[in-house]
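*Asks:* Single-letter residue listing:
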Amino acid sequence: NAGVTQTPKFRVLKTGQSMTLLCAQDMNHEYMYWYRQDPGMGLRLIHYSVGEGTTAKGEVPDGYNVSRLKKQNFLLGLESAAPSQTSVYFCASSRDRRFSGNTIYFGEGSWLTVV
Amino acid sequence: AQKITQTQPGMFVQEKEAVTLDCTYDTSDPSYGLFWYKQPSSGEMIFLIYQGSYDQQNATEGRYSLNFQKARKSANLVISASQLGDSAMYFCAMREGIQGGSEKLVFGKGTKLTVNP
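Chains R and A, in that order, give the protein sequences. Residues 1 to 115 in our numbering are what the first sequence spells out, letter by letter. Residues 1 to 117 in our numbering are what the second sequence spells out, letter by letter.
Among the hints, erroneous ones may be present.
In silico BS3-like links for lysine-lysine, alpha-carbon gap of 27 angstroms or less [what the hints assert, rightly or not]:
no., chain 1, residue 1, chain 2, residue 2
1, R, Lys9, A, Lys112
2, R, Lys71, R, Lys14
3, R, Lys70, A, Lys104
4, A, Lys3, R, Lys57
5, R, Lys57, R, Lys14
Hints listed in this document are in silico derivations from the structure and should not be mistaken for laboratory results.
Given only the sequences and the hints, what does the whole structure look like? Please build it.
*Replies:* If you want it as structure tokens, here you go:
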């Protein structure tokens with residue numbers, strides 16, 4: 001998955017703590033996404049961005065905030081972590097949405113546990 | 001309503017045999033794209049194959065082929081000559097509104113494939 005980097009890869013948080021996940025891509029992609037993956041649920045979209053300075057809600061946005069201050073970076077924030085946010089988080093990026101094929105690139109995932 | 005349905009939570013196949021993983025989808029948009037991703041135990045998402053709704057032929061990529069039946073709204077993944085390394089979770093996904101634009105890639109719940117020696 002060259003091109004999309006997520007940090008950190010593993011983190012344990014206590015309930016109520018805050019943290020930020022960073023996604024960085026070096027492919028000059030316009031679109032960036034944050035998904036969460038839970039057992040038996042596939043990947044669900046949390047928030048996404050269609051360009052620098054823009055963000056939008058996905059399927060499961062509650063409890064998360066995002067920012068896209070620079071085109072190459074998409075930050076996912078948890079202001080007050082809850083055990084229900086224990087999950088694997090994936091960042092993805094893509095070119096202009098009119099292009100099809102394998103233009104959606106995923107990061108390697110970030111494992112987050114909230115205790 | 002669920003957009004992507006994968007009805008097989010788990011599948012088993014003998015090494016060197018072919019296997020079909022099912023995927024049905026629901027959309028009223030005439031322009032859409034269908035993806036298959038592989039997720040091994042290490043966790044990364046690996047793109048396998050793509051089929052556009054207007055593509056005339058079924059997509060193929062090496063040992064992977066997509067059996068696209070538009071009228072039935074199905075996009076089954078066929079893996080030929082299974083290998084032990086094919087053991088993984090497989091996800092079907094759809095992106096609607098390719099022509100007009102869509103930001104969202106919707107995933108099914110996945111099928112866990114186990115290849116037996």
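*Asks:* Work down the list of hints and note, for each, if the structure agrees.
*Replies:* Hint check:
| no. | hint | in the structure |
| --- | --- | --- |
| 1 | R:Lys9 to A:Lys112 | 24 angstroms, holds |
| 2 | R:Lys71 to R:Lys14 | 31 angstroms, violated |
| 3 | R:Lys70 to A:Lys104 | 21 angstroms, holds |
| 4 | A:Lys3 to R:Lys57 | 18 angstroms, holds |
| 5 | R:Lys57 to R:Lys14 | 25 angstroms, holds |
In this structure, only the earlier hint numbered 2 is contradicted, and the remaining ones agree with it.
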